[in-house]
Amino acid sequence: MYNPQLPTDGSQAKHGASMNTHTGDFTPRGERPGNERIRVLLKSFGLRTSLIRLKVIDALLVAAQSNRRLGVRGVHSQLLDLDVPLSFLSVREVLKRLCAEGVITFNADKSYSLHPQAAAVLNNE
Numbered sequence: 001m002y003n004p005q006l007p008t009d010g011s012q013a014k015h016g017a018s019m020n021t022h023t024g025d026f027t028p029r030g031e032r033p034g035n036e037r038i039r040v041l042l043k044s045f046g047l048r049t050s051l052i053r054l055k056v057i058d059a060l061l062v063a064a065q066s067n068r069r070l071g072v073r074g075v076h077s078q079l080l081d082l083d084v085p086l087s088f089l090s091v092r093e094v095l096k097r098l099c100a101e102g103v104i105t106f107n108a109d110k111s112y113s114l115h116p117q118a119a120a121v122l123n124n125e
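Be aware that the sequence shown starts at 1, since it is given in UniProt numbering, and climbs by one per residue.
Derived by calculation from the structure, the hints in this document are not laboratory data. Quick reminder that beta carbons are idealized off the backbone N, C-alpha and C, glycines included. There are no misleading hints in this set.
Okay, derived cross-link-like pairs now, SDA-like style, lysine to any residue, Cα gap no bigger than 25 Å in a straight line:
(1) LYS110 - LEU80
(2) LYS43 - GLU93
(3) LYS43 - ARG92
(4) LYS96 - LEU114
(5) LYS96 - LEU61
Using C-beta positions, here's what the derived DEER-type ranges look like:
(6) GLU36 - ALA108: 31 to 39 Å
(7) ASN124 - SER90: 24 to 32 Å
(8) PHE88 - ALA120: 25 to 33 Å
(9) VAL62 - GLU93: 15 to 23 Å
(10) GLN117 - VAL62: 17 to 25 Å
(11) LYS110 - VAL62: 12 to 20 Å
(12) LYS43 - PRO116: 16 to 24 Å
Using the sequences and the hints, build the whole thing.
Set out below in structure tokens:
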């Protein structure tokens, strides 16, 4: 039976991507347009963009806006609440790598926050 929503050339429709109407390109579902500034931040530190890095930095930014500080468990819990299925170990390793590269800092209370230099890059956007 003919379904107008399916491609007629025999190929499978792509799932997990949606049309971004303001730029006319395809972006992964669940990714906010504000992530572009995080991409610029990662690039300025010489890091490749990955979904887990975007989500971890976004979680830290959201917490900072609410005057909260998150440790590894807090970041992991926040990502699980957003239906981002990442393991605790993956989150911990990303946080360690971002610390090593100077994007975020590990505080005395075992929480993480954006490094002042990284915050300056984000605020210049």
